[in-house]
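Turn these sequences into a full structure, and let the hints guide you.
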Amino acid sequence: MNSINKQLNDEQRELLIGLYVEGLDEADDGKVARVLQFTLHDESLDGMIDEVNSFYAGEADLSEAASEARLVGELARESFPSAFEQRKDRETFITLSEVAKQMQAKGSVAKTDEPANEKLLAANIPLTKYSLPEIKRTAESLKIKASESFWRIFHKTAILLEMKHGHEQAMQAAREKKIRRRTKKADERKQETGNK
Amino acid sequence: MQERKVEKTDYSLSEAELNRRREKLESAMVQFESNLLMDIRLYLRKFNLGHLSGRAEGIWHEVVNTALRNANNYNPECSAKAWLRSVAFNAVRHLYRDAKKQIQTTAISEAVRHFGFDGDVEETSETGLFDYLEQKSVKRFFKKEQWTAEEILSVVGEDDRQILRLRFVEDLSAREIAAHFGISEGAANVRLSRAKSRLQKEFQKQ
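Line by line, the protein sequences give chains F and D. According to my numbering, the first sequence holds residues 1 to 196 in order. According to my numbering, the second sequence holds residues 1 to 206 in order.
I should point out that these hints are in silico values taken from the structure, not numbers from a laboratory. For clarity, every value in this text was computed on a predicted model and none was experimentally measured. Take the hints with a grain of salt, since some may be wrong.
Taking lysine to any residue pairs in the SDA-like style, the calculated list, with each CA pair at most 25 Å apart, reads [said to hold, decoys possible]: (1) F/Lys-111 to D/Arg-175; (2) F/Lys-111 to D/Glu-176; (3) F/Lys-143 to D/Phe-181; (4) F/Lys-145 to F/Glu-134; (5) D/Lys-24 to D/Ser-34; (6) D/Lys-143 to F/Glu-11; (7) D/Lys-139 to F/Glu-11; (8) F/Lys-129 to D/Ser-53; (9) F/Lys-106 to D/Lys-143; (10) F/Lys-111 to D/Asn-35; (11) F/Lys-129 to D/Leu-37; (12) D/Lys-101 to F/Ala-27; (13) F/Lys-101 to F/Arg-137; (14) D/Lys-139 to F/Gln-12; (15) F/Lys-106 to D/Lys-139.
Label pairs and their computed distance ranges (CB to CB) [stated by the list, open to error]: (16) D/Ala-99 to F/Thr-183: 54 to 62 Å; (17) D/Glu-15 to F/Glu-11: 39 to 47 Å; (18) D/Arg-69 to F/Glu-114: 44 to 52 Å; (19) F/Pro-126 to D/Pro-76: 45 to 53 Å; (20) D/Thr-148 to F/Ser-141: 34 to 42 Å; (21) F/Ser-44 to D/Asn-48: 24 to 32 Å; (22) D/Phe-181 to F/Thr-183: 56 to 64 Å; (23) F/Glu-43 to D/His-51: 31 to 39 Å; (24) D/Leu-95 to F/Phe-93: 32 to 40 Å; (25) D/Asn-90 to F/Glu-43: 17 to 25 Å; (26) F/Thr-183 to D/His-61: 49 to 57 Å; (27) D/Ala-149 to F/Glu-11: 12 to 20 Å.
Where is the CB? At the ideal position from N, CA and C, for every residue including glycine.
Shown next as structure tokens:
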């Protein structure tokens with residue numbers, strides 16, 4: 001390993017971030033590894049790498065919650081296809097306002113992001129896609145600006161809320177199916193008794 | 001000749017010191033687990049190993065074991081999170097190198113050769129690295145008197161032109177650019193780096 005000068009200046013940090021982005025975009029492991037060496041001694045650079053990684057993760061929708069939700073979604077689709085058909089028919093999506101309300105209830109909104117959350121509370125717009133870039137695009141079209149961490153939490157909350165919503169709908173679909181089956185059985189029994 | 005330092009494992013640590021380092025690492029593991037998992041998924045994707053993203057948690061467990069086993073190599077003055085991220089990156093890197101060996105391709109960056117740098121970025125001394133980065137920095141284009149800033153910027157598209165103008169003509173920092181566009185600093189840094197890279201490539205073509 002090469003010796004590392006512990007004191008980096010802003011210009012050097014910018015050059016290193018450029019090298020890191022290049023390394024990721026060109027799949028050059030040497031460049032990424034070299035930049036990561038500098039993060040060990042430079043907290044600011046480490047923070048900048050965090051920001052860059054979050055941006056990439058948002059771009060590719062790689063957050064843990066998104067991956068978990070995707071996995072749960074896939075499994076649920078495999079196990080309960082009928083519940084999802086039902087969901088499609090109903091076209092009921094959670095809204096920006098519902099997510100904002102949940103954020104407020106959980107106390108997840110930083111003071112500086114409160115004005116943005118206030119605006120979102122009034123936005124009764126359905127969320128049809130749950131990726132972070134899509135959420136940001138929708139908010140951008142409404143001229144709502146908030147910090148990166150706010151959007152990350154908002155994204156996670158939206159996914160969890162959607163999962164809960166989906167679960168409730170699947171349960172409702174199952175309940176309805178059960179009632180239909182019972183009614184059918186009762187009708188059949190009635191018919192059998194009538195025939196006798 | 002490049003100056004190289006060989007990192008030596010410190011076997012002389014007392015049990016108490018080793019435990020202190022492990023505790024620091026464990027606390028960072030708990031605190032940053034989801035961030036580091038996200039980083040692993042990102043590296044897998046960026047290094048064409050997206051098909052292994054289902055193994056991200058397995059890789060994370062490997063990282064935890066490796067880190068605790070090698071806690072004696074961890075310098076407690078360094079950020080534990082940054083160290084764990086390096087360990088995580090190395091785990092992905094091993095997979096990447098294995099995959100690369102299998103498909104028999106050379107991944108030595110063509111871009112690096114293109115800009116006249118034949119060395120290995122990773123093996124270069126710090127001074128050498130910054131000399132190289134400054135030499136290929138797009139800033140040098142703007143310092144030359146033969147072109148106006150607008151002539152330089154005319155070789156790239158409007159989006160790149162806008163962000164490069166803010167950086168090199170208006171002299172705004174990435175943070176200020178982020179505030180200008182209402183985006184995160186990370187997004188500003190990525191956009192800026194990509195714009196610089198495209199500008200360099202356009203200049204190479206001309």
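Cross-check of the supplied hints:
no.	hint	in the structure
1	F/Lys-111 to D/Arg-175	holds (20 Å)
2	F/Lys-111 to D/Glu-176	holds (21 Å)
3	F/Lys-143 to D/Phe-181	holds (12 Å)
4	F/Lys-145 to F/Glu-134	holds (14 Å)
5	D/Lys-24 to D/Ser-34	holds (17 Å)
6	D/Lys-143 to F/Glu-11	holds (16 Å)
7	D/Lys-139 to F/Glu-11	holds (11 Å)
8	F/Lys-129 to D/Ser-53	holds (21 Å)
9	F/Lys-106 to D/Lys-143	violated (52 Å)
10	F/Lys-111 to D/Asn-35	holds (23 Å)
11	F/Lys-129 to D/Leu-37	holds (23 Å)
12	D/Lys-101 to F/Ala-27	holds (15 Å)
13	F/Lys-101 to F/Arg-137	holds (20 Å)
14	D/Lys-139 to F/Gln-12	holds (13 Å)
15	F/Lys-106 to D/Lys-139	violated (46 Å)
16	D/Ala-99 to F/Thr-183: 54 to 62 Å	holds (57 Å)
17	D/Glu-15 to F/Glu-11: 39 to 47 Å	holds (44 Å)
18	D/Arg-69 to F/Glu-114: 44 to 52 Å	holds (46 Å)
19	F/Pro-126 to D/Pro-76: 45 to 53 Å	holds (50 Å)
20	D/Thr-148 to F/Ser-141: 34 to 42 Å	holds (36 Å)
21	F/Ser-44 to D/Asn-48: 24 to 32 Å	holds (30 Å)
22	D/Phe-181 to F/Thr-183: 56 to 64 Å	holds (58 Å)
23	F/Glu-43 to D/His-51: 31 to 39 Å	holds (34 Å)
24	D/Leu-95 to F/Phe-93: 32 to 40 Å	holds (38 Å)
25	D/Asn-90 to F/Glu-43: 17 to 25 Å	holds (21 Å)
26	F/Thr-183 to D/His-61: 49 to 57 Å	holds (50 Å)
27	D/Ala-149 to F/Glu-11: 12 to 20 Å	holds (19 Å)
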